[in-house]
Structures are given as C-alpha cells and as structure tokens.
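Protein chains in written order, with our numbering: chain A, 16 to 335; chain B, 21 to 539.
Think of the hints as simulated: they come from the structure by calculation, not from any bench.
Every residue, glycine too, gets a C-beta built ideally from N, C-alpha and C.
Hints are not guaranteed to be accurate.
Unchecked claim - Partial list, computed: chain A residues near chain B (C-beta under 8 Å): (1) Thr204; (2) Thr205; (3) Phe206; (4) Arg208; (5) Leu211; (6) Ala212; (7) Asn216; (8) Ala219; (9) Ala220; (10) Ala223; (11) Gly283; (12) Ala302; (13) Lys306; (14) Pro310.
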Amino acid sequence: MAEAAIRPAALDRARVLQWMQTYGVYAGVAVLLVVNIAVTPHFLSAENFRTQAVQVAPVIIVALGMALAIGTEGIDLSVGAVMALAASVTALYLGYGLVPALLTVAVFAAVVGLANGALVAWVGVQPIVATLALMVGGRGIALVLLPQLKDLHNPALASLGSGDVLGIPYLIVIAAALALLVAFVVRRTTFGRQLLAIGDNRAAAKLAGLPVRRVLMLVYVACALLAAVAGVLATARLQASDPTSLGNLMELSAITAVVVGGTPLSGGRVNIAGTVAGAVLIQLLTATLIKHDLPPSWTQIAQAIVIVLAVYAARGRGKR
Amino acid sequence: MAPSAEVLTVRGLSKSFPGVRALDGVDLALHAGEVHALIGENGAGKSTLIKVLTGVYRPDAGDITFQGRPVSFATPLEAQHAGISTIYQEVNLIPLLSVARNLFLGREPRNRLGLLDFGRMHREAEETLRAYGVRVDVRQPLRTLGVGAQQMVALARAVATDARVVIMDEPTSSLEPREVETLFEVIRRLRADGIAVIYVSHRLDELYAMCDTVTVLRDGCRVHTGPLADLDRLTLVSIMLGRDLGEVRSEGLTKFTGDHHAADSEPVLNATDLTVPHKLHGVSLDIRPGEVVGLGGLLGSGRTETAKAISGALASKAGSVTVAGVPLRAGSTPAAIRAGISLLPEDRKSEGIVPGLSVRENIALAALPRLSRFGLVSEAQVDKIVDTFVKRLRIKASSPYQKVGELSGGNQQKVLLARWLAMNPKVLLLDEPTRGIDVGAKAEVQKLVDELAEDGLGVLLISSDLEELIEGSDRVVVLKDGAVVGELTGDDVTEDKLMQTIAAGSPGPGAAGEVTRHG
Numbered sequence: 016m017a018e019a020a021i022r023p024a025a026l027d028r029a030r031v032l033q034w035m036q037t038y039g040v041y042a043g044v045a046v047l048l049v050v051n052i053a054v055t056p057h058f059l060s061a062e063n064f065r066t067q068a069v070q071v072a073p074v075i076i077v078a079l080g081m082a083l084a085i086g087t088e089g090i091d092l093s094v095g096a097v098m099a100l101a102a103s104v105t106a107l108y109l110g111y112g113l114v115p116a117l118l119t120v121a122v123f124a125a126v127v128g129l130a131n132g133a134l135v136a137w138v139g140v141q142p143i144v145a146t147l148a149l150m151v152g153g154r155g156i157a158l159v160l161l162p163q164l165k166d167l168h169n170p171a172l173a174s175l176g177s178g179d180v181l182g183i184p185y186l187i188v189i190a191a192a193l194a195l196l197v198a199f200v201v202r203r204t205t206f207g208r209q210l211l212a213i214g215d216n217r218a219a220a221k222l223a224g225l226p227v228r229r230v231l232m233l234v235y236v237a238c239a240l241l242a243a244v245a246g247v248l249a250t251a252r253l254q255a256s257d258p259t260s261l262g263n264l265m266e267l268s269a270i271t272a273v274v275v276g277g278t279p280l281s282g283g284r285v286n287i288a289g290t291v292a293g294a295v296l297i298q299l300l301t302a303t304l305i306k307h308d309l310p311p312s313w314t315q316i317a318q319a320i321v322i323v324l325a326v327y328a329a330r331g332r333g334k335r
Numbered sequence: 021m022a023p024s025a026e027v028l029t030v031r032g033l034s035k036s037f038p039g040v041r042a043l044d045g046v047d048l049a050l051h052a053g054e055v056h057a058l059i060g061e062n063g064a065g066k067s068t069l070i071k072v073l074t075g076v077y078r079p080d081a082g083d084i085t086f087q088g089r090p091v092s093f094a095t096p097l098e099a100q101h102a103g104i105s106t107i108y109q110e111v112n113l114i115p116l117l118s119v120a121r122n123l124f125l126g127r128e129p130r131n132r133l134g135l136l137d138f139g140r141m142h143r144e145a146e147e148t149l150r151a152y153g154v155r156v157d158v159r160q161p162l163r164t165l166g167v168g169a170q171q172m173v174a175l176a177r178a179v180a181t182d183a184r185v186v187i188m189d190e191p192t193s194s195l196e197p198r199e200v201e202t203l204f205e206v207i208r209r210l211r212a213d214g215i216a217v218i219y220v221s222h223r224l225d226e227l228y229a230m231c232d233t234v235t236v237l238r239d240g241c242r243v244h245t246g247p248l249a250d251l252d253r254l255t256l257v258s259i260m261l262g263r264d265l266g267e268v269r270s271e272g273l274t275k276f277t278g279d280h281h282a283a284d285s286e287p288v289l290n291a292t293d294l295t296v297p298h299k300l301h302g303v304s305l306d307i308r309p310g311e312v313v314g315l316g317g318l319l320g321s322g323r324t325e326t327a328k329a330i331s332g333a334l335a336s337k338a339g340s341v342t343v344a345g346v347p348l349r350a351g352s353t354p355a356a357i358r359a360g361i362s363l364l365p366e367d368r369k370s371e372g373i374v375p376g377l378s379v380r381e382n383i384a385l386a387a388l389p390r391l392s393r394f395g396l397v398s399e400a401q402v403d404k405i406v407d408t409f410v411k412r413l414r415i416k417a418s419s420p421y422q423k424v425g426e427l428s429g430g431n432q433q434k435v436l437l438a439r440w441l442a443m444n445p446k447v448l449l450l451d452e453p454t455r456g457i458d459v460g461a462k463a464e465v466q467k468l469v470d471e472l473a474e475d476g477l478g479v480l481l482i483s484s485d486l487e488e489l490i491e492g493s494d495r496v497v498v499l500k501d502g503a504v505v506g507e508l509t510g511d512d513v514t515e516d517k518l519m520q521t522i523a524a525g526s527p528g529p530g531a532a533g534e535v536t537r538h539g
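Can you make the complete structure from the sequences, with help from the hints?
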C-alpha cells in the first residue's frame, strides 16, 4: 500500500496542522498577550482586562450554543436576531420586574429554538436555510415589538450589567459558569454523547436507536436560550434596549470563535475550551488593532486571516 | 452470426485500492453490434471496470484499445467524446434544466450570434425522444418526468453523442415493466446499428432476454466469457458465486459447528407480508429462539431491505412484525430496539460505526439511557460493560479511548456487535457480518454467532459468502426480486439446492422493480 510508505515531509506537515488545530488558538492568545504587554501602553491594567472581558462575555455565551449546533453538523444563523428579540422583550416586560421579564425572554427564545429545531429535525431543512428564516424574521419581530432604541432605568438590570462579585463582573461570572456547564453537558451527559454521535454519523446514530430528532430540537433550543442570555446581558450593560443593532453580525463572530477554537464544521466534535479561547483571540485581535489606531477595516481583514488559518488547519485533518 | 470487428479490447487490466485488488488482469473483448452482459456479485469489480473504461479511474496496468487505437482516458468527458457513453443506475442529469437542454448538454446547437438556438434544440429533441417512445414537452424541466422517462432521456443523450459503445449500469433498476420493454426496443436498435452495449444487471431474466455474450467477474478476475445461450441459469449462477456444480463437501471450512436445537419452541420473531414499494413484495419469515435463519438470494434480491424492514429502518407499507407475540410499531427503530431487535447493518462505515468517537463510546451508544441516571452517564457502568465485551469479543484497540475509525474492519465489526449485545437483544439481524474483515476476525465472528444462538438468541444471517450462509444457518429462506421463492430446511440446506432455488424460483417477471444499491 502506497499510503503506508511514510514520507517525512508530509507527515510533518500533517502534524503541524494537527497541532495548529488543537493548540493554535491558545498559542494565538498567548502571542497577542505577550505582544500587547510589550508594545501597547496601559495594556497590563486591571481596568483594561475588565473592559476586554466584559466585551467578550456575550460572544462567548453565544458561541457556546453555536458550538453545540456545529457539533451536530448544523449551524444557527438566528442567534443575533434572538439577542435583539431578547432586548425588545426585556424592555417590554421590565415593568413587571426583572424576573418576569427574564422568564418571558426565555419563552420567546425557546419558541425560536423549537421553530429552528422543528425545521431541521422534522421537516429536514438544511440548518443554514432553516435558521436563515429566523435570522431575518427574528429581528423583524424584535423591531415590531420595539421600533427604536429605548433607555431602561431598572436598578436590578443595571446591577446585572455592571455589578460584580469579589471584583469580578457578573458578565464574566455568568459566561464562565455557562462555559463550565456546557462543557459538562457535552462530556458527561447522555445528551452530549448522543449529540456528538449524531454529528459524526447520523445514519449510524439513527440505526442505533438514538432519539435523533429530540436531540436536534434540544440543541437548537439550547442555542437560542444561550443567545437570549447574551442579549439580556448586553442590554443590561448598555442600560438600553437596542433591537436595531444589538447582535448584528453576532452569528459570524460566534461561528468564527467556534471554528478558530478547533471545532470542525463537519460535526462530531465540540471543543468548549477552544471556543472560549477563540472568542478571546478575536477580541484581543480587535482590541490590539484599535489601540494602535488602525481603521476598523483592518480588524475585519485580520479576522479573515485568522479564519482562513483555522479552516486550513482543520482541512489538514482530512476526510476519514 | 458472423463475428464482427472488435470495437473495444481490454487486456490485462489491473487496479488496486489500498488493501484491495479490485481488478486483477481482466480481459474483455467487445464486438460491434453485440450486447455483452457483465455480471458478478458485490465487490467482483464490475463498477471498477466500468470506471476505468470511462476514464473515472486510471488503471495500474493493462491496455485498452478502442476502435483499433490504444487509448487512455483521463476524464469521463474524454471517454464520452471518443465514443464511450455510460448510463448509470441513477439518472445523472440536471433536474431543473429543461428536457431539451439536458439532451443537448455540452453540445447545444447555436445560432450565428453564438447564442443557444432554442428553436432547433426543441425540434430536434422532440424528434429524438419520439424514437424512444417518449412524448413529452421538451421545454419542461427534466424533473417533471417520471424516472423511467428520465432514464430514456439519459439513454437518448448517451446514444446521440455518436457513441460506439454504450455502457448500461443496472438501467432497469428504476423502470416500470412497460419502460423496460421500450428500453429493450432501443437496445435492439443499437445492436442493429452496430453499436456495442455492455449491460450490467443482476436480473437473470433480462440477461437471457437481451444479451449475446456474458463475462463473469469474481474477486477482480474474469472467470468466464462466452455466449450466453450456451449456459443454463444454474451454471451461470454457480459461476457467478464461484461454486462447482455438484461439488460435494463433507466438512465445512467455516467456524460454524452446525445445528442448534431450536426445535419446536414458539418463534421469537414473526415477520408477515413485509412490503416496501419497489423493494419487497410481501416477505414473510419467522425465527425461533436459538435458531440461525439464513437469508439467501443474489445481490438485489431484497435481503438487506428485509432486515431493515424488520428493524424499522425501512417503513413497511403493509404486513407486521411481532417479537415474542407483541406487535411492533412499523418504521420505528427505537421501538424495534426496545423490543429486542438488533440490526448489524451491511455498510459498517456509513451506517454502523461513529468513527470519531472512541471504542468505549461506540459500544455504549445504544445502551446509554440504561447506563445513565438523570441524564448523567455513569462512567463506572460504561467501563464495566465495555470491559466485559472488549474481553469477550477480543476487541483489539490500543485503549478503550482509541477512535473506532482507526481500528481494522474486523475490530470495528466486533465493536458494533458489542454495541448490540450490550442491549441484551432477543433477535440479531446480521447483514454481511464478515464482509471485508480479515480471516481471523471472520472465524471469531462466526464462532460468536454460533455461541449466541446456543444461548437462545434468534439470528437472521445475510451473507454473500455461500459457505458461511449454508454452514451457519439451520434454515435458509431464499429471496428473489423482493419475494420469498423457497425455503431450505434440514438436509436440503446445501449450496446446490440454494443455487437451484435461486435459478428456478421466479415470482413472475414484472414483479421486480428492484433497487440494487443495497445488497
């Protein structure tokens, strides 16, 4: 067999790519940290770290749900719209108190998730098309509910957005807790194993009697709920509901974080630590360029380069 | 019949894939005006040969001479331009384009401005198709036509490109009997025009109706070429399956020890009148505890479909399945699994293993709900099950955490068996359990099947390996064209009897409508 003959160069290249896919994102974060500490004034300050972390928290939370959808060989484009919807619903129901408002947000998000899940699991629509409908429609509904920006004056909501425990902002605590929870679900629960099996080989999962449709429904509901949490937290931080622009392009940021973090788009694998690091990498990259007064267009170009590198590394693993 | 010129000559053609020698020095001579049957069981090398002839694969060794000149096609398009056209089992045209556009794809008539000349295209398309008995509005998208009519468009297209050789790969698999007749009409016309046809099919009736010559491939080698009229059906079947007629074998070559004592207990599984359009036409069988029932028949006879219909993976339109007297909900895999039916699928890679997950997770996959509490997987219980079966089935992996995709075929199959045994099934449906696995693993799997039957499981065994089927089974139900044509019991469970049943049994022509992609 010709393939058994090992060509050293090819082997090394495969190894480098494999390494890149597994650890590249952490190496990237480390490099950006070192470079910034060296050249960026005031980078190494508690205040700066706090700012960066608070900005990245919603992206991380959305990316967690996206990682689950991508793990099933799916995708969810409606997450940005769900954030906007969460903002509108929060504004509308905040009069009844924070908790009733949050519960209402959860119901709306669950309905979006069920709709996405039903289209994917029962109707058999491709996830990218199924969730595209609500990506467009969801924001439309959000704008019908609340046509323009509205300032919110609710102390409970304000404290959620800017308060902290032991000096750590709530946003960061919540994002970290959710990351741990999702990682636990993926690794230790029946649902997690079934999700990965469905993503890796759906035909086999089906013949093995797995509840394929139920798992897919749950994945899209979880994804929508996480996006709603991100939407509420972002709204709390702004102290304003902004359904026009909140969560714009968030689906792309989340997909980028997941892919850069080493979760393949082909499904069957979910890397939560990598996803968090992926979100942090993009955030640091953006912050670095902004702090050095480069125009925002450069940020987009830099992001594009990172995505291409990540996809290239993933491709190196090849088809089985 | 005067021997006419050789259009296509193939000498010593070989082609290997990693681990498989798909073609091993195959010769083939095709004459003008000849309909040449190309037959063989799964993996015999038919599709590889076709793909080499049409430029999809490059051969490792051997020569192809086409119309007197040595050729080497780099792409299917080159082969097509040279005059070798292929019609595949599934129509490979563009469903959204119009019928006429499809017919003229790649060689559209153009007007003086270089734009498509639709008027001419539509006129010529209508004329061409009328000759094939297809009367349709050629402006309509292709997909509005029935499958048979689409097949005719593909055929017309293939022939219209000045083909000298037309290769038909299972052309009738999706045709109605009336359309089959039209197809035969067209083939007769091709023959009269001096065009050579390679005809691949598993339906003996069709071969005898249409073909002049037959070439039989087995395990990548040509084992027979000659006029079809000289062979009776039984001989043809025996050549195809690689068995000498009247071969007497006193002792077996497999690891099966023989009879189990199912005796007179009530059947654990009753399948009655299973019907799946185009695939199964009222198949009934039962299995008693401790009994291995073989399912015999050629490729495409409905063996896999029967197993899938029993396990709920294919929805049966009629009929019923009962396990230990309790009827199953049709078309539900989870219900069948809960009732104790386990299916080891034929296609291990695409329907069995989850390659990216570990040995451990693959074994525990189906049993997960039982190994969990409140949705949390109990790792200790999983370890226990995995440990038991890795030892019992002697699964060789570097650790339980190795990815299943990295294991050998035999070990992958054992992992799948372990997955099902962990469910404590009552009935095991084994579809080609030893295909593509090495000799050692094969013997182990066969031995295991024996042991499981002795422990009281009901087993349905599907195998293209006749030895395995005959020696492993206590009883063999024979299928042909999606219907049961016979059952061998007791001393009648022999290869000869099986081949006779396959060759003789006929549920009547036209009952077929067979899909052959699944064995």
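Hint check results:
With a cut of 8 Å, the hint placing threonine 204(A) at the interface with chain B holds, because the nearest CB-to-CB distance is about 5 Å. Nearest Cβ of chain B to the Cβ of threonine 205(A): about 4 Å, under the 8 Å cut. The hint holds. About 6 Å separates the beta-carbon of phenylalanine 206(A) from the nearest beta-carbon of chain B, less than 8 Å, and the hint is met. For arginine 208(A), the interface hint holds, since its Cβ comes within 8 Å of a Cβ in chain B; the closest pair sits about 6 Å apart.
This hint holds: leucine 211(A) has a C-beta 6 Å from the nearest C-beta of chain B, less than the 8 Å allowed. Hint status for alanine 212(A) relative to chain B: holds, with the closest Cβ pair at about 5 Å, below 8 Å. Proximity of asparagine 216(A) to chain B holds as hinted, the smallest CB-CB distance being about 5 Å (cut-off 8 Å). At its closest, the beta carbon of alanine 219(A) sits 5 Å from a beta carbon of chain B; the interface hint therefore holds under the 8 Å criterion.
For alanine 220(A), the shortest C-beta to C-beta distance to chain B is roughly 7 Å, which falls under 8 Å, so the interface hint holds. A cut of 8 Å between beta carbons decides the hint on alanine 223(A): the least distance to chain B is about 4 Å, and the hint holds. Checking glycine 283(A) against chain B: minimum C-beta separation of about 4 Å stays under 8 Å; hint holds. Interface hint status for alanine 302(A): violated, as the beta-carbon distance to the closest one in chain B is roughly 35 Å, over 8 Å.
Hint status for lysine 306(A): violated, given a least beta-carbon distance of 40 Å to chain B, over 8 Å. The interface hint given for proline 310(A) is violated, since its Cβ lies 42 Å from the closest Cβ of chain B, which is over the 8 Å cut-off.
In the structure shown, a violation is registered for the earlier hints numbered 12, 13, 14, in ascending order.
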